[in-house]
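Peer 1: Please model the entire structure based on the sequences and the hints provided.
This is what each chain is made of:
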Amino acid sequence: MGANPSPARRRRTTVAVRGAVGLLAFLAVGEVVGRSGLVAPELLPPSSVVLARLAEIVGDPAFRADVVATVLAWVISLGLALAIALPAGLLLGSVPGVRIATRALVEFLRPIPSVALIPLAVVLIGQGPGSKIALAVYAAVWPIMFNTIYAVADVDPVLRETAAAFRVGRGRFVARVLLPAVAPFVLTGVRLAAAIALILLVSTELLVGGARGIGEFITQAGSGGGRMDLVLAATVVAGLVGLGANALCTAVQRRWLSWSDVP
Amino acid sequence: MAPMLEVRDLVVDYGDGTRVLDGLSLAVARDEVVCLLGPSGCGKSTLLRAVAGLRPPDGGTVLVRGRPVDGVPDGLAVVFQDYGRSLMPWSTVARNVAFGLPRDLDRPTRAARVREALGSVGLADVADRRPGQLSGGMAQRVAIARALACRPTLMLMDEPFASVDAQTRADLEDLLLRVRREYGTTVLLVTHDIDESVYLGDRVLVLSPRPAAVVDDLTVDLPSPRDQITTREDDGFVRLRTRAAERLRYPDGAPETPRA
Ligand SMILES: Nc1ncnc2c1ncn2[C@@H]1O[C@H](COP(=O)(O)OP(=O)(O)OP(=O)(O)O)[C@@H](O)[C@H]1O
Ligand SMILES: [Mg+2]
Chain F
1 MGANPSPARR RRTTVAVRGA VGLLAFLAVG EVVGRSGLVA PELLPPSSVV
51 LARLAEIVGD PAFRADVVAT VLAWVISLGL ALAIALPAGL LLGSVPGVRI
101 ATRALVEFLR PIPSVALIPL AVVLIGQGPG SKIALAVYAA VWPIMFNTIY
151 AVADVDPVLR ETAAAFRVGR GRFVARVLLP AVAPFVLTGV RLAAAIALIL
201 LVSTELLVGG ARGIGEFITQ AGSGGGRMDL VLAATVVAGL VGLGANALCT
251 AVQRRWLSWS DVP
Chain W
1 MAPMLEVRDL VVDYGDGTRV LDGLSLAVAR DEVVCLLGPS GCGKSTLLRA
51 VAGLRPPDGG TVLVRGRPVD GVPDGLAVVF QDYGRSLMPW STVARNVAFG
101 LPRDLDRPTR AARVREALGS VGLADVADRR PGQLSGGMAQ RVAIARALAC
151 RPTLMLMDEP FASVDAQTRA DLEDLLLRVR REYGTTVLLV THDIDESVYL
201 GDRVLVLSPR PAAVVDDLTV DLPSPRDQIT TREDDGFVRL RTRAAERLRY
251 PDGAPETPRA
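Taken in order, these protein sequences are the chains called F and W.
Heads up, the first sequence is in this note's numbering, so the first residue is 1 and it goes up one at a time.
Heads up, the second sequence is in this note's numbering, so the first residue is 1 and it goes up one at a time.
Since the hints were derived computationally from the structure, they do not count as laboratory data.
By construction, the Cβ of each residue, glycine as well, lies at the ideal position given by its N, Cα and C atoms.
Restraint ranges, calculated between C-beta atoms of paired labels, are given here:
1) W:LEU105 <-> F:LEU192: 34 to 44 Å
2) F:ALA175 <-> W:ASP74: 17 to 27 Å
3) W:ALA29 <-> F:ALA175: 35 to 45 Å
4) F:ALA175 <-> W:ASP9: 33 to 43 Å
5) F:ALA175 <-> W:ARG8: 33 to 43 Å
6) F:GLY79 <-> W:HIS192: 51 to 61 Å
7) W:GLY122 <-> F:THR13: 38 to 48 Å
8) F:THR13 <-> W:GLY136: 28 to 38 Å
9) W:GLU116 <-> F:VAL68: 51 to 61 Å
10) W:GLY136 <-> F:PRO119: 57 to 67 Å
11) F:PRO5 <-> W:GLU233: 55 to 65 Å
12) F:PRO119 <-> W:ASP104: 55 to 65 Å
13) W:GLY136 <-> F:SER94: 26 to 36 Å
14) F:VAL21 <-> W:HIS192: 55 to 65 Å
Taking beta-carbon pairs under 10 Å as the criterion, some of the chain W residues facing chain F (in silico):
15) ALA52
16) GLY71
17) MET88
Peer 2: Given below as structure tokens:
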């Protein structure tokens with residue numbers, strides 16, 4: 001395989017190369033703009049400075065603790081959101097009565113921007129990590145739940161009939177038919193939810209004092225000395241964390257959901 | 001002894017007022033293969049659904065071994081018309097075939113049943129593949145193997161050999177005849193193909209357009225075992241297929257004018 005890579009692998013290599021080229025171009029623009037004098041270097045430091053600062057803060061135990069705090073809160077939020085949204089979605093998708101009974105409530109809650117709930121959460125839950133996790137869970141539940149509801153409706157009626165004809169009981173139907181059938185849609189939901197949850201976590205950390213994390217680091221760097229180089233370096237880390245999570249989702253999809261044509 | 005299957009005055013109405021089935025009656029004896037021949041949309045799949053207990057009738061009765069059907073009868077297996085969609089794309093072929101097996105079988109017995117069923121449709125070597133990696137004809141054979149694995153006493157087959165090439169189709173037809181000889185399975189089979197209905201059936205029921213009614217009941221008295229070449233040349237075969245074609249074409253009786 002080394003001399004003659006598979007088409008899939010070659011395609012992946014091409015994607016990686018193009019991505020790297022795009023990133024380098026972006027960094028180059030950042031460098032040029034930063035050094036051109038168009039903007040003050042304190043406000044928009046050149047890429048090289050940001051990267052140097054990135055190397056520094058990655059070595060800083062305090063910053064690493066912040067990253068761990070955010071990532072941990074993220075994992076917990078997504079786990080909780082999945083634990084709530086998947087069963088809820090299966091129930092709402094399978095039982096029309098429940099769906100109709102909850103429709104008004106859902107349609108009322110859904111359009112509220114989760115960020116607007118930050119003050120409410122802080123009042124109700126306090127300034128610890130509880131608030132940001134609650135907010136992230138709340139925001140992450142929606143995309144997972146709606147994708148699940150949609151996926152349940154999308155299960156092929158022929159498969160339902162097949163299961164009925166072979167006298168497959170409810171539990172086995174859920175395990176062997178329903179869950180595998182909805183899995184690709186749920187994963188897509190988790191992907192959307194992961195991005196939204198990260199936004200909520202970092203926003204809450206930014207706005208609420210005392211909630212440890214990348215967001216708090218950014219607030220302190222930005223307000224204290226106006227250190228935009230540190231702010232941008234920390235922002236890059238937040239982006240990298242998101243990138244890593246997306247790669248994880250892609251790996252899960254390749255490993256377990258390769259039968260599906262849901263992207 | 002009660003017949004394997006008896007349908008009396010069956011009515012099915014999907015709700016828009018026009019009845020898909022309106023008083024259909026038929027009977028299938030034990031160990032018999034009965035082919036249903038009818039125009040598209042006349043209600044054949046609907047009939048099978050009612051017989052399988054998947055849809056309660058809006059009138060009339062369905063009796064399997066003399067007992068009214070409520071829920072899926074024991075010993076029944078179905079090969080669906082949309083065989084491709086009735087397989088689970090996430091499960092291997094072997095797990096698909098095992099899907100319908102009774103829960104109380106132990107692991108070795110299950111594995112043996114799956115192997116045997118796959119072997120009898122000539123697919124022993126694809127047990128670990130996924131349905132998406134199979135051709136249409138192979139997927140169809142998996143669906144048939146899944147039904148066979150249950151050792152059904154009554155097998156409902158909805159156009160099981162549609163959309164495969166002629167050679168595979170002939171092989172699958174002979175497979176079905178072999179299975180019914182070996183296991184004594186009673187078969188109710190829907191087809192569009194007149195030749196196939198005569199080749200496979202002990203009887204051929206010709207149905208009218210919707211709402212389906214039995215317009216002819218042809219007893220196929222051809223020598224057994226049947227053979228793809230000689231049976232189809234038999235004078236009796238040719239007579240039966242002509243008769244079936246005529247009844248399908250003119251369900252209300254042939255026109256008066258003599259045909260050329
Ligand atoms: N679930 C359903 N709801 C409403 N109408 C239906 C439903 N299923 C079938 N029909 C209608 O009932 C009629 C008979 O359908 P059915 O599938 O039984 O026909 P068929 O004889 O099997 O046709 P084909 O040979 O094309 O498979 C058709 O007109 C179809 O549109
Ligand atoms: Mg049909």
